[in-house]
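A.B. asks: So you can see what is in the structure, the chains are spelled out below.
Protein chains: 2
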Amino acid sequence: MAKIDFIRELDKLKTPVWRVIQNYLPDKVPPGHYDMVREYPGRQGKYFRPGLVVLGTQLFGGDPRKAALTAAAMQTSEDWLLIHDDIEDHSEQRRHKPTLNRLHGDELAINAGDALHIIMWKMLGENARLLHNEIGWKIFNKMSEVLLTATEGQYLELQWIREKKVFVSQDEYLDMVKRKTAFYTVIGPLQLGAILAGATDREIRQIEDWGTPFGYAFQIWDDCMNISTPSEKQGKETGGDILEGKRTLILSHLLAHCNQKERRHIQDIYLKPRARKTKRDKDYVLRLMATYGSIDHAKKIALEFGNRSKEIFDRRTAHLKNTKAKETIRAGIDFVTNREQ
Amino acid sequence: MAKIDFIRELDKLKTPVWRVIQNYLPDKVPPGHYDMVREYPGRQGKYFRPGLVVLGTQLFGGDPRKAALTAAAMQTSEDWLLIHDDIEDHSEQRRHKPTLNRLHGDELAINAGDALHIIMWKMLGENARLLHNEIGWKIFNKMSEVLLTATEGQYLELQWIREKKVFVSQDEYLDMVKRKTAFYTVIGPLQLGAILAGATDREIRQIEDWGTPFGYAFQIWDDCMNISTPSEKQGKETGGDILEGKRTLILSHLLAHCNQKERRHIQDIYLKPRARKTKRDKDYVLRLMATYGSIDHAKKIALEFGNRSKEIFDRRTAHLKNTKAKETIRAGIDFVTNREQ
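Read top to bottom, the protein sequences are chains A and B.
All the letters of the first sequence, read from the start, carry residue numbers 879 to 1219 under the working numbering.
All the letters of the second sequence, read from the start, carry residue numbers 879 to 1219 under the working numbering.
So that you can see chain A by itself, here it is in the shape it has in the complex:
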């Protein structure tokens, strides 16, 4: 089989999923409110999560056309979560444009995120009704579980900032990432697809085995890109995570390897509120992360998780037909540790 371009595969399913989303985005009074509600959906990310919903369906022999509404809800969940995350993280850029909170203030942005959250459940309710059987409810409940788990991960991450805990161990970091990213970005979407296809409970459960390292690889690589990919490519400010005070494996490695004076300085920088951090602060940390090989270290770990995921994937899916979907998911695992966006 020819080498699969994962991003091109994701692109192919954008149009049908976006068409479903558009049907659910109201265009009514007050227009300013609904313009805000439509803003992030209209900026269209990579469609990684809805892509995994559809691929998960196909992996287990299901009909991808039946997955459009679930995939649309998955993408919409990302859009409302991002509106709120961008406020919680004091982010300034999202998908090459200013964040909604920077454009309209935190107050209106929280409210617009809530509206989009309400719309997402409308999709999931109608989805459950259309599938009119146990599968519809399983999807509804899976989404509830996955989203609640994502709020747990977000809590852990925000709480480190609030309690001024700068050094986190790899175990603490991975526990947070498992909730915030692995469940939400990888395991959840794939399980939703598997449920749609009528996979067995065992098959659905086992997605976690390879989805967890897949999710770790995704997040760790994401952290590396934030530090090293030029802003034009990633659509966010390079090193934004340093300004936002994100606790990453890169930071943990750096704190464990730098000297005491540097450690104290780094901690001081991380404990400043975003508004008080200077470009010099950011460059200081960026330079040390490069000097101590902390970025390379994190990339190595991401690649290891990616490889582990592929190994387990091969074993866990050996009983399934060798379809294009199977190859594409495997290409997706490779993709997350090779991408620049």
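Quick caveat, the hints were computed from the structure, so don't treat them as lab data.
C-beta atoms are modelled at their ideal positions from N, C-alpha and C, and glycine is treated no differently.
Treat the hints with care, since some could be wrong.
Said to hold, decoys possible - Now the in silico label distances, taken between C-beta atoms and shown as ranges:
no.	chain 1	residue 1	chain 2	residue 2	range
1	A	976	B	1043	18 to 28 Å
2	B	974	A	907	28 to 38 Å
3	A	1169	B	922	48 to 58 Å
4	B	1164	A	905	38 to 48 Å
5	A	943	B	1216	57 to 67 Å
6	B	1108	A	944	38 to 48 Å
7	B	904	A	897	30 to 40 Å
8	B	921	A	1149	24 to 34 Å
Take the given structure of chain A and dock chain B to it, following the hints.
C.D. replies: Relative to chain A, chain B alone:
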């Protein structure tokens, strides 16, 4: 029939509804997160909205026991909305205690509100499934419509602050209140109850006729209490609306009747961010609101809306049996313009 104590009637249904809510509030890791999620539900407001769900069911001859889960979801919607509203309004007190954002910061509070929002839809999904027929879906969709409408009202109110529009006309104010309060606090809960009881589409629609003035009376009286009820009684700071810059009928009346110098001073005060407003600023506005009879004016309008609501209520429900629920709802309309909390 003996005079009905509306608050006592609401109190009676607190325990069964709270029991349902408790079943849905997770008690798991990370505990700090779920402590935040449980905080507002545990503070228990008046249970005005779940009360109207149950009374709406009884008014149309339905079984109140079937309404417990819908009522629980209604109450939970108030709790997550309040978590977010308190951030958006920069409120400091809620139900006699500091707001969640003051206790834990905006970031974690937004996230806790999202978790509670997710839990509310879990209730509504299981409710739809338990009622396993059209009624369950009608309730699900009604809640979606009512909540989305509430975000529209919230947008209008926040947008006035953002665009520095201090004077709003009575029509503009009522359009905002119709979305933010009348639909969400009165019409929605009553319609949910009516749907549960199997009321006709016409009956459900006509609730709007008396529910709208009922909702206006509720909000206008609420605005008056905020200005004139002692803090210990209302559980929030007296005059908090002035600090939060809320545009009310009281303010509009004052701006239309004071002299130019006073008007300029009031506008300056309203345009300051909350943190820069002083006690002196608040007292200045409070004194003028009393001097120009603006509070009395608003109370009069609230009473007029209450009377209009009762008249229409009597006509629209003349065909229904004279039950205790009917009397209690009527007492509820009286209650909203006679309460001190």
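A.B. asks: Now tell me, hint by hint, if it's right for this structure.
C.D. replies: Hints versus structure:
Here the CB-CB span from residue 976 (chain A) to residue 1043 (chain B) is close to 24 Å, well matched to the stated 18 to 28 Å. Distance hint check for residue 974 (chain B) and residue 907 (chain A): the Cβ-Cβ separation is about 37 Å, which falls inside the suggested range of 28 to 38 Å. Between residue 1169 (chain A) and residue 922 (chain B) the beta carbons are some 56 Å apart, a value that agrees with the proposed interval 48 to 58 Å. Distance hint for residue 1164 (chain B) and residue 905 (chain A): a CB-CB separation of about 42 Å, consistent with the stated range 38 to 48 Å.
Distance hint for residue 943 (chain A) and residue 1216 (chain B): a CB-CB separation of about 58 Å, consistent with the stated range 57 to 67 Å. Taking the beta carbon of each, residue 1108 (chain B) and residue 944 (chain A) are about 59 Å apart, not inside 38 to 48 Å as hinted. Distance hint check for residue 904 (chain B) and residue 897 (chain A): the Cβ-Cβ separation is about 36 Å, which falls inside the suggested range of 30 to 40 Å. Residue 921 (chain B) and residue 1149 (chain A) have their C-beta atoms about 32 Å apart, which keeps the hinted 24 to 34 Å range intact.
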